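J.: Listed in order, the protein sequences are those of chains A and B. Start counting the first sequence at 56; every next residue gets the next number (the numbering used here). Start counting the second sequence at 4; every next residue gets the next number (the numbering used here).
Read the hints as simulated data drawn from the structure, not as lab findings. Given the structure is predicted, the values throughout are model-derived calculations rather than measurements. For each residue, glycine too, the CB sits at the ideal point set by N, CA and C.
Covered stretches of chain B, as calculated for chain A (at least 3 residues, CB under 8 Å):
{"no.": "1", "segment": "13-19"}
{"no.": "2", "segment": "25-34"}
{"no.": "3", "segment": "170-177"}
Computed Cβ-Cβ distance ranges for the label pairs, DEER-style:
{"no.": "4", "chain 1": "B", "residue 1": "74", "chain 2": "A", "residue 2": "89", "range": "54 to 64 Å"}
{"no.": "5", "chain 1": "A", "residue 1": "139", "chain 2": "B", "residue 2": "243", "range": "49 to 59 Å"}
{"no.": "6", "chain 1": "A", "residue 1": "146", "chain 2": "B", "residue 2": "98", "range": "45 to 55 Å"}
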Amino acid sequence: MSSLHEARILILPLTFLCCAVTVNVPAMLFLAFISGIFWDLSQYLYCPPVEHSLYQNPVETMRFGYSCLLFALMGFGMFGIQPLFREGKWYFSALLSGFVLFLYLIVDFGTLTFVRGEPVFPRQLFHQMLLSALISMALSPLIFFILYKLAAWSRYTISYEGLKKSHAKK
Amino acid sequence: MRPINLISLLLFLAAIVWVLTLSEKTVQQVHATYYSMVSPFLKSGSSIERRAQEFIKEVEHSKNLEKQVSLLEKNLGTLQVYKNRFHELEKENSELRAALHFKERTRFNVITARVIRRNPSTWWKTAIIDRGQESGIGVQVPVLSYGGLVGKIDQTTEGMSTLLLLTDEACQVSAKIEDTPEVGIVSGIRGKIGQESSLKLRYLSKEAPITKGMKVYTTGRGGLFPPNVLIGTISAYESGSFDGIATVTPSVDFKSLNIVFAITDQ
Chain A
56 MSSLHEARIL ILPLTFLCCA VTVNVPAMLF LAFISGIFWD LSQYLYCPPV
106 EHSLYQNPVE TMRFGYSCLL FALMGFGMFG IQPLFREGKW YFSALLSGFV
156 LFLYLIVDFG TLTFVRGEPV FPRQLFHQML LSALISMALS PLIFFILYKL
206 AAWSRYTISY EGLKKSHAKK
Chain B
4 MRPINLISLL LFLAAIVWVL TLSEKTVQQV HATYYSMVSP FLKSGSSIER
54 RAQEFIKEVE HSKNLEKQVS LLEKNLGTLQ VYKNRFHELE KENSELRAAL
104 HFKERTRFNV ITARVIRRNP STWWKTAIID RGQESGIGVQ VPVLSYGGLV
154 GKIDQTTEGM STLLLLTDEA CQVSAKIEDT PEVGIVSGIR GKIGQESSLK
204 LRYLSKEAPI TKGMKVYTTG RGGLFPPNVL IGTISAYESG SFDGIATVTP
254 SVDFKSLNIV FAITDQ
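All chains, full assembly: derive it from the sequences and hints.
T.: Take a look at the structure:
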């Protein structure tokens, strides 16, 4: 994996993004909350208190639950081209998921850097983020395929509400 | 905005505020429950991963064998399989012997543990080991390897523990440089990945007589880490406006970290 800059497949955020584009706002927010909680649980770092006289600058960590906010923001990002997705053009959403994941990684690391101070952004980290987003994005068609199958199985219609309204007016 | 969307957004924000204001103790309890639920999957996942790696190795090995079979007799190829298996067993044997030897010669009471998973998080440098509370491993327990200090236990549950590696920025260790009165704090460097995992030693004197190759040890101050455990060697030193910062190459090869030792009694 060293040749891939330790890139990771971000399966949970990717699954959330793919799901987010198929549902309405309340469901997306619910998914953002659940996904954010599970994401933070898997990432949680305890960092127990140490002797403050010796370690004068304790390293700050993010509050548990903050990922829910980032997930919701990502979800709203995906909503931008939801009409295209609902017209069947899923590949735009697939591309957007990679872009949104890349933004998420930058914002996540940026927030951490802001909290801890001493801004750093090594090139290797940029490559890691980019490759993680790209590799994850490559998996999005598979997730969409599973979601379409699930929708067909559960008879859930991914309908375009805007079109519905315009048809109703006619 | 539609009323239903507005209401759901407000509910979402309320839920976020509730979660963000949870006490550390509650979060730890939730996290412990989560880990106790997922630990069987993590362990089985790890064993599947190991089997997959073994499978990939086996496939590679089989390809090599095919070439050999075309050149040599079938028996010779079979012998080669046995030979490779023997090497694997020999390697494992020497690894276990080294672990046993380390346990015998170290001045601490240690528990041997195997690293079952690496880097489960995005930014933190952590690993999961296959020993937990049932083995007497508690939070903040220092962890060593053959080469020196590895890190400390961050969280522990039944059967497994999360190890915060020395290369993480959150793992701070009071350290001293050999043959000098210099004392500072060693920690990982944020954003460093791959082969470039190195440490920084801060709060040194501005004009400290530090040269490349000097060894860095723990001081034992604070009572968390035992004194005189090797951390690494100085690879660079930079004098700043107020203090000096040294770059330290860890003595432990974190890339091939397999067996570690948790100190149970200093």
